[in-house]
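> Assemble the whole structure, with the sequences as input and the hints as a guide.
Protein chains in written order, with our numbering: chain X, 280 to 671; chain Z, 280 to 671; chain G, 280 to 671; chain Y, 280 to 671.
Honestly, I wouldn't trust all of these hints.
Unchecked claim - Below, in silico cross-link-like pairs of lysine-lysine (BS3-like), each with a Cα-Cα straight-line distance of 25 angstroms or less:
(1) K287/Z / K287/G
(2) K408/Z / K509/Z
(3) K310/Y / K287/Y
(4) K509/G / K408/G
(5) K287/X / K287/Y
(6) K408/G / K287/G
Simulated from the structure, these hints should not be mistaken for lab results. Here the structure is a predicted model, which means the values were calculated and not measured.
Residue-level listing of the chains:
There are 4 protein chains.
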Amino acid sequence: MPDTSPTKWHLAHMTWFFETFVLEQYEHNFKPFDPAFRVLFNSYYQDIGERHPRPQRGLITRPALDEVRRYRTNVDERMAALLSRCADDPAFDEVVTLGLHHEQQHQELLLTDIKHLLWFNPMHAAYAKRWPIGAVSPGPLQWLACAGGMFEMGYDATHDGTFCFDNETPSHPSYLQPFEFASRPVTNGEFENFMADGGYHRPELWLSMGWDWVCAAQRTAPLYWHHDGKQRRQHTLQGDVGTDPHTPACHLSFFEADAYARWAGARLPTEAEWEFAARRLRQPARGQHNFADRGALHPLPPAPSEADEPVQMFGDVREWTQSNYNPYPGYQPLPGAVGEYNGKFMCNQFVLRGGSCATPAGHVRASYRNFFPPDAQWQFSGLRLARDAASP
Amino acid sequence: MPDTSPTKWHLAHMTWFFETFVLEQYEHNFKPFDPAFRVLFNSYYQDIGERHPRPQRGLITRPALDEVRRYRTNVDERMAALLSRCADDPAFDEVVTLGLHHEQQHQELLLTDIKHLLWFNPMHAAYAKRWPIGAVSPGPLQWLACAGGMFEMGYDATHDGTFCFDNETPSHPSYLQPFEFASRPVTNGEFENFMADGGYHRPELWLSMGWDWVCAAQRTAPLYWHHDGKQRRQHTLQGDVGTDPHTPACHLSFFEADAYARWAGARLPTEAEWEFAARRLRQPARGQHNFADRGALHPLPPAPSEADEPVQMFGDVREWTQSNYNPYPGYQPLPGAVGEYNGKFMCNQFVLRGGSCATPAGHVRASYRNFFPPDAQWQFSGLRLARDAASP
Amino acid sequence: MPDTSPTKWHLAHMTWFFETFVLEQYEHNFKPFDPAFRVLFNSYYQDIGERHPRPQRGLITRPALDEVRRYRTNVDERMAALLSRCADDPAFDEVVTLGLHHEQQHQELLLTDIKHLLWFNPMHAAYAKRWPIGAVSPGPLQWLACAGGMFEMGYDATHDGTFCFDNETPSHPSYLQPFEFASRPVTNGEFENFMADGGYHRPELWLSMGWDWVCAAQRTAPLYWHHDGKQRRQHTLQGDVGTDPHTPACHLSFFEADAYARWAGARLPTEAEWEFAARRLRQPARGQHNFADRGALHPLPPAPSEADEPVQMFGDVREWTQSNYNPYPGYQPLPGAVGEYNGKFMCNQFVLRGGSCATPAGHVRASYRNFFPPDAQWQFSGLRLARDAASP
Amino acid sequence: MPDTSPTKWHLAHMTWFFETFVLEQYEHNFKPFDPAFRVLFNSYYQDIGERHPRPQRGLITRPALDEVRRYRTNVDERMAALLSRCADDPAFDEVVTLGLHHEQQHQELLLTDIKHLLWFNPMHAAYAKRWPIGAVSPGPLQWLACAGGMFEMGYDATHDGTFCFDNETPSHPSYLQPFEFASRPVTNGEFENFMADGGYHRPELWLSMGWDWVCAAQRTAPLYWHHDGKQRRQHTLQGDVGTDPHTPACHLSFFEADAYARWAGARLPTEAEWEFAARRLRQPARGQHNFADRGALHPLPPAPSEADEPVQMFGDVREWTQSNYNPYPGYQPLPGAVGEYNGKFMCNQFVLRGGSCATPAGHVRASYRNFFPPDAQWQFSGLRLARDAASP
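Here is the structure:
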């Protein structure tokens with residue numbers, strides 16, 4: 280699949296970021312580890328010059344993994360030297376911090392890309408072996424009322440930590456009508472009801488472009504689902520397992536999430552609604568969230584909860600919103616090549632919120648915006664329902 | 280091009296709408312004019328059953344034009360009979376009105392599709408011959424300050440006439456930050472400055488997907504522009520003419536409009552900003568606008584104006600906004616097959632506002648939302664700049 | 280389909296040939312009827328300059344049919360004048376004769392392209408209405424022994440008439456091993472046996488490329504065959520009719536012909552074998568052959584025959600051979616643009632022999648070579664079996 | 280490129296052949312090394328069941344190389360045991376011999392696929408480092424007269440060794456007209472003359488399909504040629520080097536070979552002509568031919584020769600012929616799955632003769648037929664000219 284990259288490429292690219300945007304700027308007598316790497320491991324920065332074509336990343340047999348590891352060690356050592364020398368330079372600090380968050384993003388992609396690659400391998404290999412996860416029923420979905428009104432949307436240094444990407448800025452007033460918000464994501468069991476009700480065979484449930492997508496590949500289930508003749512099964516990073524009805528549904532495209540919501544008589548939330556709800560959580564993005572560090576590497580059923588607030592807002596599955604990925608009012612990309620990071624992708628992509636079970640802990644926050652095209656499935660992407668408040 | 284349809288198909292499809300959604304529901308002893316037409320002239324209504332594939336419309340040699348004209352006359356006569364009988368039925372009234380507005384939409388498509396077809400014909404045929412249009416300089420662009428704040432967005436029966444499409448509803452409060460709005464659309468002359476400054480060769484001016492679009496087809500000018508070795512020329516419905524620097528630029532894709540705006544240090548307006556500005560006009564959508572009925576069938580330079588309000592908001596060129604085509608809060612599609620009219624296309628399309636020189640007079644209003652994918656060029660699509668208000 | 284052209288285009292192109300290759304060379308003060316037609320109606324002659332792209336022929340709304348008819352009348356009149364003046368010029372005579380044979384080829388394409396266009400029209404229109412054809416059983420297939428040995432292959436002015444295309448020359452000695460040749464083409468009934476025996480579902484019967492072709496479009500029957508729930512039916516120029524088991528099977532691709540032959544324990548003949556057999560007929564290409572002039576416009580069951588020689592060698596269906604379309608030893612294309620007629624297509628095409636029910640009478644001969652890519656189906660293409668002679 | 284495979288896949292596939300066609304048939308209590316390998320390393324044998332899709336071979340990260348090596352060792356050991364036990368079984372002997380020749384074929388593909396992969400790597404890695412090769416001028420091309428007439432074509436156990444593939448059989452009489460045959464392959468220097476004369480820009484030199492191929496990818500030189508601003512250079516298995524004018528030209532498609540021959544006023548030989556010439560060599564396929572075992576892994580200039588017979592018929596470059604890859608008269612594929620080896624590819628491919636610098640010594644013979652589609656370039660494919668004998 281052209282959207283995925285080999286593990287070796289990810290490893291080298293993360294290091295390339297530090298070499299290109301830090302070492303090259305701050306080191307005296309900078310010399311590249313290997314001049315060819317500048318082209319080979321550039322992802323999409325036009326400003327940096329020529330790039331190796333993305334779909335050909337899989338063809339790169341050299342440098343071998345050993346050489347990439349030497350590259351990483353070399354750059355790490357040089358970074359360590361710079362870190363002590365430049366500690367007081369705010370611009371240095373800013374780009375190093377950006378590089379660390381960039382590395383976290385690729386840590387997630389590493390996992391989703393490996394999962395995708397193993398899926399095409401008839402060996403049915405597992406990346407890790409910690410399954411099974413005890414079955415827990417999350418109980419019925421609750422609808423939580425949200426008052427809406429004016430609220431401040433976007434990155435907020437007081438509550439969101441010390442770093443954000445440029446696409447989360449500037450914070451700005453936003454107006455919301457009253458809405459209702461689901462207490463938890465949609466589960467496998469609920470999604471199977473949609474399938475049993477002919478969900479993949481009823482054009483009236485789908486966007487026009489989504490229906491074309493269903494027909495073109497004759498889709499009848501989410502990515503990684505298959506049927507062994509007896510039961511539905513799911514390819515996971517822990518191997519091939521039966522589908523657990525209580526686990527949040529994942530590897531859904533935007534099209535599937537949108538069709539499910541229409542079938543359920545609801546809709547996807549806007550990203551403003553999602554952020555509004557996230558900002559009112561008593562414990563945002565903390566506690567025992569199911570991030571990559573926990574090691575499950577798969578969404579889990581939510582722990583029983585008494586609270587009348589949404590659960591699983593962070594971790595488990597990224598949640599599709601109905602919002603296109605657009606600039607905030609007053610948005611300015613960063614100057615220079617690092618400004619190519621976010622703004623230029625603001626077309627035909629939809630925003631997902633909240634991170635997933637493959638996201639490093641500490642990487643996301645209430646203002647964090649992830650984005651993918653509507654047919655992307657290989658991320659841990661699920662959905663949470665919303666609906667307009669009933670008229671009083 | 281798969282997006283365009285033959286004239287004969289448009290003529291039959293407009294009549295098909297009345298036969299299928301009116302005659303079939305209201306006529307006693309309804310019998311179709313020809314059962315095969317139900318499939319042949321269905322555009323995209325899944326609820327109505329099987330459709331003839333869109334890209335094959337050009338292959339339909341039968342029915343011949345004469346037969347299509349008989350079809351139109353037959354349905355027109357039967358509609359006339361129903362009109363007197365069912366005049367007091369509000370549901371009847373509603374679907375007939377929808378059919379009339381549907382017909383107006385296809386009147387515009389008829390013109391843009393004919394223009395596109397003639398472009399591929401080395402005969403350089405003209406659809407009409409009323410050129411040349413006297414050259415008038417529109418004067419420099421003015422920036423008009425707009426205060427923003429809360430305003431009511433969407434169809435308003437008091438000011439917007441007696442009809443609207445479902446995608447203009449419901450009206451709802453929307454919040455805007457202060458912004459500045461260009462007094463008129465971008466002209467050919469201004470767009471040529473962008474080209475002369477390397478606009479089509481500088482990736483930093485384009486969205487990533489837009490740059491791919493430029494490279495894939497090696498684009499260096501808007502659609503219908505060519506160069507005869509001496510000067511730039513433009514294919515129009517009035518024949519092949521030199522590019523007039525004072526005319527609004529048109530046949531731009533969203534990608535081109537967006538790149539121009541970035542080059543100009545500005546941005547595209549949101550559709551809320553556009554509607555906010557349109558609602559404050561002293562004479563919205565009236566007077567001497569350049570709609571299809573005027574016969575120019577090409578955008579014209581604006582008449583000199585003393586007013587400090589935007590000109591050419593209606594007619595001349597549809598104006599790209601930066602807003603994706605999404606449902607309004609609380610949006611509900613119409614029930615039944617006519618509900619397939621709008622909602623299911625809400626993906627990967629951008630909103631254009633204000634109608635064009637090919638739009639029938641009386642068809643558009645301040646709340647009217649047109650939408651096309653970001654690479655569409657064959658409509659009379661241009662742009663108007665906006666920018667954030669300077670900090671006080 | 281990109282291989283077919285509109286009727287209007289064929290009409291104009293046949294005239295274009297005479298205007299370009301005759302009038303332009305021989306008329307004093309030659310002036311083109313319309314300079315744009317030179318591009319518009321050039322099929323593939325690189326030497327003549329720019330061409331209008333083939334897949335866009337269907338987009339040409341102008342010139343209208345009336346104008347094309349005026350074009351034909353005009354060129355016909357000027358040709359008539361030249362014919363009396365240049366009658367004694369052998370070069371003139373040669374190119375006019377070539378133009379006439381070229382026109383005959385397009386007469387056949389006119390019919391096959393119309394048939395293809397009507398197939399995509401849900402109106403089920405018929406081109407002509409002379410059906411039904413009386414059912415006649417052709418009796419079982421006979422195997423006729425052919426001795427082979429050395430024979431002279433290629434155009435022979437003594438027996439093949441006064442004209443040939445360059446690809447039939449030079450005649451040359453060819454050696455054949457003994458073989459057996461089927462007395463008649465394969466019939467619909469026989470082909471249905473192949474289908475009933477799983478023919479379209481058994482990869483071992485197909486060439487690798489043919490199997491890919493079957494799978495890509497999920498083919499299960501010849502082109503123009505369908506099933507109305509009760510019986511197999513066939514789209515013909517005479518309308519939609521049931522499949523007659525005694526009629527030669529047609530609209531087969533090379534892949535289908537080759538797979539059928541393998542299933543039948545036989546093979547396709549080489550073009551040398553076909554020509555060898557045709558040269559030994561007592562009445563080659565004369566008598567009551569089913570050519571276009573007969574008006575059936577569909578293959579017919581053979582009349583009962585006592586003779587121990589093959590029937591239906593000419594007319595009815597063009598017969599696929601196993602021979603690639605290659606140059607004969609010593610082949611030289613004609614000089615100039617008309618030399619582009621044949622030679623440059625000698626790649627990835629297979630030879631068919633004998634003409635069809637859509638071929639003008641008098642157009643084909645024993646040395647005539649028709650050629651199409653292996654997936655082409657829209658010609659009246661069938662097959663006749665051959666096999667190696669049993670060892671003595 | 281979909282035609283190439285990873286090294287790891289080749290290594291496993293060669294072993295898979297022995298496991299599937301030998302061990303599974305002859306071992307008592309056969310158990311597969313790993314059942315998944317049956318699918319994973321099947322190339323194209325439909326009879327063996329499901330296959331892993333070819334373009335996805337590059338995605339297989341598991342089994343890792345170590346596991347593949349264990350697979351090879353395991354099967355080698357089991358083969359050794361069988362070899363002593365079944366030595367007297369002719370059927371066993373036959374399939375093992377086939378497996379050895381199959382392995383030789385993949386040894387060549389291993390090299391050409393590695394070369395292709397390194398070409399896409401901006402690291403400019405070399406597979407081996409034995410360059411430079413001393414420059415030797417081969418002297419002018421000589422035309423050698425061949426009398427033609429009847430000769431016996433195809434595998435001949437007396438002269439061609441103890442093994443052949445089924446497509447070389449049965450031997451059969453073939454008739455040739457007198458022809459002339461070039462003393463050596465076309466060189467880089469000669470091919471550069473073709474380029475300098477506008478070879479890639481003159482449609483009249485190309486087959487129609489070849490010209491489309493040139494235009495589609497804007498080709499202006501053979502594969503692996505580039506220009507560093509100062510001189511023409513060539514990617515080789517020995518690294519990136521300047522183009523040597525005396526070396527045989529290689530990595531030509533059939534289209535390029537055919538166009539060159541037309542430009543040179545000659546043509547490609549038929550495969551019968553090539554074999555006729557090869558059978559008359561005094562030292563066929565022996566002596567100091569440049570096969571893979573010599574280690575150059577690139578074509579070399581011919582050593583000076585006094586003989587009036589063609590040089591470099593074997594090794595250096597495979598030579599395109601004008602002959603399609605078709606069955607010989609009386610051809611029968613082997614029974615069972617191994618019969619899928621050759622016959623089913625007999626469509627839209629052209630024959631090459633003589634092996635190359637990447638072919639294992641001892642693998643080819645005068646009757647050996649290699650075949651590729653006309654656009655294939657990644658083999659060491661060149662050409663030798665032929666022409667019709669001048670009339671006496």
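> Now tell me if each hint is right for this structure.
Each hint, compared with the structure:
no. : hint            : result
1   : K287/Z / K287/G : holds, 17 angstroms
2   : K408/Z / K509/Z : holds, 23 angstroms
3   : K310/Y / K287/Y : holds, 22 angstroms
4   : K509/G / K408/G : holds, 23 angstroms
5   : K287/X / K287/Y : holds, 17 angstroms
6   : K408/G / K287/G : holds, 22 angstroms
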